[in-house]
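Next come the chains, spelled out residue by residue.
Protein chains: 2
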Amino acid sequence: MVSAPAMASAPSIPELVARIRAGEVRAGARAMRLVDDRHTLGPALLSALYPHGGRAHVIGVTGNPGSGKSTLTSALIALYRARGHKVGVVCVDPSSPFSGGAILGDRIRMAEHALDDGVFIRSAATRGHLGGLSRSTSDQVLVLDAMGYDPIILETVGVGQDEVEVVRVAHTTAVVLVPGLGDEIQAMKAGLLEVADVFVVNKADREGADRTEKDLRMLQGLGPHPDAASWEAPIVRTVATSGQGVERLAEVFDQHRAFAFDSLQKRRERARYEVESVLRDRWARTVEARLTGAGGATLLDEVASRALDPWTLADRLNEVRGGQA
Amino acid sequence: MVSAPAMASAPSIPELVARIRAGEVRAGARAMRLVDDRHTLGPALLSALYPHGGRAHVIGVTGNPGSGKSTLTSALIALYRARGHKVGVVCVDPSSPFSGGAILGDRIRMAEHALDDGVFIRSAATRGHLGGLSRSTSDQVLVLDAMGYDPIILETVGVGQDEVEVVRVAHTTAVVLVPGLGDEIQAMKAGLLEVADVFVVNKADREGADRTEKDLRMLQGLGPHPDAASWEAPIVRTVATSGQGVERLAEVFDQHRAFAFDSLQKRRERARYEVESVLRDRWARTVEARLTGAGGATLLDEVASRALDPWTLADRLNEVRGGQA
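Just so you know, the protein sequences line up as chains A and B, in that order. Position 267 of the first sequence, counted from 1, bears residue number 267 in the working numbering, the numbering being contiguous throughout. Position 134 of the second sequence, counted from 1, bears residue number 134 in the working numbering, the numbering being contiguous throughout.
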């Protein structure tokens, strides 16, 4: 009797998977919460969902604040909705205090889609360690994918190392720049030139669009795309506020989708990234668990006083871990 | 008889440690090579050296290309040499193809110190994975520290995420900016404001130094230093080419040295960082070993085709690892 409410609040994994696959929004939101809260069921649930993913085209949209990413994302949502697609959006902000809760309607520019059942907007949780953000993003993408959302747009806030890491989750990465702000130089410094599959020169009605495009072409030559033999990142001009160029952008996304889905190498790279990020997340949690609390502080004090060295301590932590694995 | 040459080329660890502690340059260079080449003796050697480290003040010097870091480092070397210190320098360039070899005299601005036995200049190897660069830097610092170099200056090339990671190896981090280039905004974006213990406005004879200092004060208020209660990062103006302000900078470094060495929390943080980076380096090597080659490709193909999920594969890899640990 006592366990009845607990039972009611915890559906079995097969049941949850079935409801997610049927596209039930509440089931999807619950799955995301379980994963974000690091519930013990999380890994088993993701594991059970994995065979049902891999259908959605994941599109990363990155660029400096002020480049108009949100407006562009909003325009893309409208276009895909008009074509009858269900669209998933994951907003990724490494500096945000959001803890992964739903932010439906939270962002003004996307508010127009807030009441549309065919659009699911979420933010990614950071999990407090390097790489945790991209793992969280992957997990949310998997749930949306299994729910039948396609495409899934990842929108990031900036152009730092975190963003470069996060867009590895995407099949297709669009880097959005604005004429006249030197965005192309900053994108290059952040290593985004190498990961861009498409460049978007947004606000292309502004002065300097020709120059930005020319600079991009020049910089592309300096740091060639890893798939340069088979794919050269096109430059698409848009004016997101009026919708100009957005059709063309979606067309380029479709072309790259075919490329990314068909390439064996691409699929292997993505699989490797998935496995690495799961391993890295586990590693970070193990370290956290061992080095936090009184026992951890004692060990770290021994290292600080040089009575113990980091390699010997690492051996010991691995032994404990091996024994409990 | 056959093994004699091999013996000659491979001194025992205690012998190597003794020669390193005596400050023998050839022994130090050999130790760095063993570590960089990932020789099996590497971890045991580092482990044996660890109790003999912890004496040197490690100073990180970071900032945009063109900020005059090398000239400043060179001026600092001259100052510390005049005071009778042996000075170690580790040049860290994430984008450099250097594989960790000595670059003595390779950098024009430091060439004046190339023939000085009291100065040891090295570059850090990247090791090809995230975090590998900072581990390599830590290892080189440990060898220089055990050899009696103090201070040890880490000079990085840029202001990206790699640099933020690398300067965690330092006790004291100086962020070098130049007036009028918007360096302060870029430093903020890269997360360097939070890690800076000292700001250096170099080329301070240029127009705009007042403005840069004012902007820095304002930005400091936005993202306070984690040690804000006990240390507020001072702003030091220098003209490295003439040596102006370098005495004052060294004075500030000395003040922060006392702070960093005395603070229990600081020492724990550093110890934790050391342990984490050793663990992360091992993790990356394990993943590399398991996922590379024919066996790895087969497993990744199964993940790519969704016949296998990343969590189940991670479990399997951990089992193998636990068994072999």
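Hints are computed from structural coordinates only; laboratory data are not their basis. No experiment lies behind these values; they were computed from the predicted model shown. Ideal Cβ placement from N, Cα and C applies to all residues, glycine included. Be a bit skeptical, because a hint or two may be false.
Stated by the list, open to error - Per the computed footprint, the stretches of chain A lying under chain B, defined by three or more beta-carbons under 8 Å from a beta-carbon of chain B, are:
(1) 245-257
(2) 267-276
(3) 283-293
These are the hints, each one checked on the structure:
Taking a C-beta to C-beta cut-off of 8 Å, the stretch 245-257 of chain A contributes 0 residues in contact with chain B, too few for the three needed, and the coverage statement is violated. For a cut-off of 8 Å, the count of residues in the stretch 267-276 of chain A with a CB near a CB of chain B stands at 8, and the three-residue condition holds. With 3 residues carrying a beta carbon less than 8 Å from a beta carbon of chain B, the stretch 283-293 of chain A meets the three-residue requirement, and the given coverage holds.
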